[in-house]
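Going by the working numbering, 231 is the number at position 231 of the sequence shown; the sequence numbering is gapless.
No lab work stands behind these hints, which were simulated from the structure alone. Don't be surprised by glycine CBs; every beta carbon is placed ideally from N, CA and C. Any given hint could be a false lead.
[Unchecked claim] Using 30 Å as the maximum straight-line C-alpha spacing, the simulated DSSO-like pairs for lysine-lysine come out as follows:
1. 185 to 158
2. 158 to 169
3. 185 to 166
4. 298 to 185
5. 58 to 90
6. 37 to 90
7. 202 to 169
8. 185 to 202
9. 202 to 158
10. 90 to 169
11. 37 to 158
12. 37 to 185
13. 158 to 90
14. 298 to 202
[Claimed, not checked] Listed next, with one range per pair, are the computed distances between beta-carbon atoms:
15. 169 to 197: 35 to 41 Å
16. 16 to 200: 30 to 36 Å
17. 113 to 235: 27 to 33 Å
18. 196 to 169: 35 to 41 Å
19. 39 to 64: 15 to 21 Å
20. 281 to 155: 39 to 45 Å
21. 134 to 42: 21 to 27 Å
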Amino acid sequence: MANFEFLEALGQIARDQNIDEGELLVALANALLAAYKRRADSAEDAEVEINPETGEIKVWGLELDLDGNVVREWDATPDDFGRIAAQTAKQVLMQLIRDIQRRQMYEEFANREGDIVSGTVQQNDNRYTLLDLGRVEALLPQAEQIAFERYEHGARIKVYIVEVRKTNKGPQIVVSRTHPALVAKLFEIEVPEIANGVVEIKAIAREPGHRTKIAVASNDTMVDPVGACVGARGTRVRNITNELRSERIDVVPFSDDPVEFIQAALAPARVREVRLDEVEGTATVIVHDQQLSLAIGKEGQNARLAARLTGWRIDIRSENEDTEDTVPEETWSEDEVAAAPEGQVEVDESVDPVDLAEPEAEA
């Protein structure tokens, strides 16, 4: 007996939920078979067939040989199977829709690991902040939050997708505000030259909430990579610092020459000389006496980020130290203490390093 109304309803559900109609029919047939097998008068082997053209439902009893081949089949559809089918269909379809939606959301976001998304803050506790991404929620764990940031309910923020976990309740999406790649993705959004591959991000060193150094190179000799990232009057990089709640960003030119790269990485300090020890992976940097505190930075931050950016252990000396052949008490690398040695360097906090997030005065 044809059941066009059933088939039409099934098609409408498939369209509304963006689910393959064939997948719905298979799941429903499996559920109806399970319902049939619970009957005392059921055949030992059977299958349920749903005609995709008419919606007609039939149960076929099967006789199998020792190899599992069908040697005989007959129509074993119970007289009251229409009622059983109606009761089963609603329950099965609702569960199937939930399962398929969860799977689709997982597949959608699993492919977006490493992307940036915008979310609305829903709630906070001492473990994580919950974000609404639209169709799904995301977890911003405490460890992935910038220490001093406060996320007000309803605020909209950009986050980086670190991981997508598959659970019985759907995808669990873990996001970050501290990941260095968040900065890279923000530049990709803000700078067309990065999005289209003309400018490349070669390296990033970040201390979340405080400062980031980013090294860029151009694949077109007519395009200045630093200028493209900073933007006219600093507008592009300023948009990124605003999103990161005023985190300072230094954009520096990348170079295959390690001496040039180290000099650029220590900006805004001016470097007089760089001596490389390739065996030890150490760079001895000589700066003018008045540039020492600027090169090291407040609490060693500038030198530390430069070391991470370039991959070299950086030992910064003033001209006087170099002349006196004084062995420094500290080298500056990502694994070492952030602050300058007590009594050796007095950090002049009145010196305001040039921040590439702010535009220079026009000529």
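Verification of the hints:
At most 30 Å may separate the alpha-carbon atoms for a hinted pair to count; residue 185 and residue 158 meet this at roughly 10 Å. For a cut-off of 30 Å, the pair hint linking residue 158 to residue 169 stands: about 24 Å separates their Cα positions. As the CA atoms of residue 185 and residue 166 are separated by approximately 25 Å, the hinted pair is consistent with the 30 Å bound. Of the pairs offered as hints, the one joining residue 298 and residue 185 holds, with about 27 Å between alpha carbons and a cut-off of 30 Å not exceeded.
Distance restraint check for residue 58 and residue 90: the Cα-Cα separation of roughly 18 Å lies within the 30 Å cut-off, and the hinted pair is therefore satisfied. Between the alpha carbons of residue 37 and residue 90 the distance comes to roughly 19 Å, so the proposed pair stays at or under 30 Å and holds. Distance hint between residue 202 and residue 169 is unfulfilled; the C-alpha atoms sit about 39 Å from each other, more than 30 Å. Simply put, residue 185 and residue 202 have alpha-carbon atoms about 13 Å apart, close enough for the 30 Å limit, and the pair holds.
Taking the CA atoms of residue 202 and residue 158, the gap is near 22 Å; set against the 30 Å cutoff, the hint holds. Distance restraint check for residue 90 and residue 169: the Cα-Cα separation of roughly 20 Å lies within the 30 Å cut-off, and the hinted pair is therefore satisfied. In summary, the hint linking residue 37 to residue 158 is not supported, as the alpha carbons are separated by about 52 Å, beyond the 30 Å threshold. Between the alpha carbons of residue 37 and residue 185 the distance comes to roughly 55 Å, so the proposed pair goes past 30 Å and is violated.
Using a Cα cut-off of 30 Å, the hinted pair residue 158 and residue 90 is violated, with the two alpha carbons roughly 40 Å apart. Distance check on the hinted pair: residue 298 and residue 202 sit about 25 Å apart at the alpha-carbon level, within 30 Å; holds. Here the CB-CB span from residue 169 to residue 197 is close to 39 Å, well matched to the stated 35 to 41 Å. For residue 16 and residue 200, the Cβ-Cβ distance of about 44 Å falls outside the hinted range of 30 to 36 Å, so the restraint is violated.
For the hinted restraint 27 to 33 Å between residue 113 and residue 235, the CB-CB distance of approximately 30 Å keeps it satisfied. Restraint check, residue 196 to residue 169: a C-beta distance of roughly 39 Å satisfies the suggested window 35 to 41 Å. Checking the proposed 15 to 21 Å range against residue 39 and residue 64 shows it holds: the Cβ atoms sit about 19 Å from each other. Restraint check, residue 281 to residue 155: a C-beta distance of roughly 43 Å satisfies the suggested window 39 to 45 Å.
Checked against the hint of 21 to 27 Å, the pair residue 134 and residue 42 fails, with Cβ atoms roughly 45 Å apart.
Hints 7, 11, 12, 13, 16, 21 from the earlier list are contradicted by this structure; the remaining hints agree with it.
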